[in-house]
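Enquirer: Those sequence lines, one after another, are chains D and C. The numbers in the UniProt record's numbering rise by one with no breaks, and the one at position 53 of the first sequence is 53. The numbers in the UniProt record's numbering rise by one with no breaks, and the one at position 87 of the second sequence is 87.
Careful: at least some of the hints might be erroneous.
Any copy will do: because identical chains look the same in the list, a pair fits if it lies in one copy or spans two.
No more than 16 Å apart at the CA atoms, straight line, and that leaves these computed lysine to aspartate or glutamate pairs for EDC-like [stated by the list, open to error]:
1. K190 to D210
2. K106 to D210
3. K107 to E265
4. K246 to E40
5. K246 to E195
6. K202 to D80
7. K205 to D274
Since the hints were derived computationally from the structure, they do not count as laboratory data.
Number of protein chains: 2
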Amino acid sequence: MSRESFWTADPAELLRVGEGFELADVDPQSHPGFDGGKAEAKAALAEGADILAELQEQLFAGSRMGGHKRRILLVLQAMDTGGKGGIVKHVMGAVDPQGVQLAAFKKPTEEELDHDFLWRISKETPAPGMIGVFDRSHYEDVLIGRVRELAPPAEIERRYDAINEFERGQVANGTTVIKVMLHISADEQKRRLEERLERPDKHWKFNPGDIDERLLAPAYRDAFQLVFERTATADAPWFVVPADHKWYARLAVQHLLIDALEAMELSWPAADFDVAEQQARLAAS
Amino acid sequence: MSRESFWTADPAELLRVGEGFELADVDPQSHPGFDGGKAEAKAALAEGADILAELQEQLFAGSRMGGHKRRILLVLQAMDTGGKGGIVKHVMGAVDPQGVQLAAFKKPTEEELDHDFLWRISKETPAPGMIGVFDRSHYEDVLIGRVRELAPPAEIERRYDAINEFERGQVANGTTVIKVMLHISADEQKRRLEERLERPDKHWKFNPGDIDERLLAPAYRDAFQLVFERTATADAPWFVVPADHKWYARLAVQHLLIDALEAMELSWPAADFDVAEQQARLAAS
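Isolated chain D, as found in the complex (with noise of 0.2 Å):
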């Protein structure tokens, strides 16, 4: 049986945030488009890397050489434990790590604030052939930053504007954007925080602060839907990936990924050198 043979739907087409989407109807336990379950999914993420990474060179390599402006930008959202970086492990860890530019958004520094809240994004924005990735992102600046009052009203509201102008930016030089809310239950996130404090070699990734943050958990879906209604544009398209289960998260994504790249009808660039020349010149060395 074939990757392909386990969707019956295109993801891309399923968890697109369209007009009128709620993310209160999306079940986190849901697999939607994939006719399997975790033994299937498994051996369709590993058919998956193998494609993702004939791709990724092929973007890679074709940016070479004064080639194309072409890049990927990933953004993934989520709570805690929602995923993140299984993504990044598991999904982009299949890659080429010199195809892949990863940038993780911890809280800003007092340099950080001191500038407009795109001042550190923009400086790790991918370049031409890359596939970028954002571990968190610019919306968290309208995430925690509305839920946790960290800016006044009016520049929050500033803020959904100026990211769709920057994203605008991004598209306009060669970038496809995709913005990923892996979206886990409450009951998932409690279980995921219970193992963390069961095992002490999960103890490093726990943080009391996690269950702060959980306490709110319906000002964040609030502040998620608003980020969906402001900035769910026809350029910069924000997917909602039901995240209970790894698997099919981690199916989704690579799938997202799979399809922006065979839609940008990729080929290996043609040599700028004449190939018997080269020959010639290499046999006699």
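Following the hints, position chain C against chain D.
Expert: Frame of chain D, contents of chain C only:
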């Protein structure tokens, strides 16, 4: 058979550049200390990947929450086609991308040339908990720098001491520095360049300048020999890895990394919070 059973001696000992080392004495086709062939090496590499991945996670974990400042800097140098990219892809690719900080140094830009040669290097040194990988490095400034006379002789001379001082600073700040030269024969290089010219999907990796560099191989070998004499220090040792067999080179570098991490005697960091208290908070949430 376990991974270790194929190693008859520690490659770190066999490959380290010591007193009286002569590059000319190293056989690029050899596989010191490894009593197996390609198939055994592939199995050993897969086994080593799991070990390396866990050690890397401990290194990373231990650096969080105001922990230790330890980190690794792996410097990779080689002639064209030497296999640096393969090390990054197949050795580092098995590690969580979140724990790897990769920097590829190309021909310096005008801005970089306007600064001391270590300016662009310093900026890319790894953060605590990370494995930093330099694909080419400050050594280019005493390799191509010397061979192509890109700087006055006195400036080239000055750089060896500057490099030693720079690396001493890294070590003093908790970095384990591992410097690797992948050593391939002229014949093997010819085969690899031929392959790049034969396969259209490899043309993008070929540059006519590669043949110009190839013609200068004797001068580069002299420049490498000088690098070893001037910068192989106890704190920041050089390892010359025979690399005609890609399987050996990858396995040897993986082993050097595992050795370095095991020498740190890492363990999972203790919680800096009261576990039972947090479990109670979580249960109530």
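Enquirer: Which holds for K246 with E195 at a C-alpha limit of 16 Å: within a copy, between copies, both or neither?
Expert: For K246 and E195, only the intra-copy Cα distance (15 Å) is at most 16 Å; the inter-copy one is 41 Å.
Enquirer: State whether the alpha carbon distance between K205 and D274 is at most 16 Å within one copy, between copies, both, or neither.
Expert: This pair counts as between: shortest inter-copy Cα distance 14 Å, intra-copy 54 Å.
Enquirer: Can you give me the call for K107 and E265, within, between, both or neither, at a CA distance of at most 16 Å?
Expert: neither (38 Å within a copy, 30 Å between copies)
Enquirer: Given identical chains, is K190 near D210, meaning Cα to Cα at most 16 Å, within a copy, between copies, both, or neither?
Expert: Intra 11 Å, inter 56 Å, cutoff 16 Å: intra-copy only.
Enquirer: Could you place K246 and E40 in one of the four classes (within, between, both, neither) given a Cα distance threshold of 16 Å?
Expert: Classified as within: same-chain Cα gap 13 Å, cross-chain 33 Å, threshold 16 Å.
Enquirer: Since the copies are identical, ignore which copy is meant and state whether K202 and D80 lie within 16 Å (CA to CA) inside a copy, between copies, both or neither.
Expert: For K202 and D80, only the intra-copy Cα distance (14 Å) is at most 16 Å; the inter-copy one is 42 Å.
Enquirer: Give the relationship of K106 and D210 under a CA distance limit of 16 Å: within one copy only, between copies only, both, or neither.
Expert: within (14 Å within a copy, 42 Å between copies)
Checked against the numbered hints above, the structure violates only hint 3.
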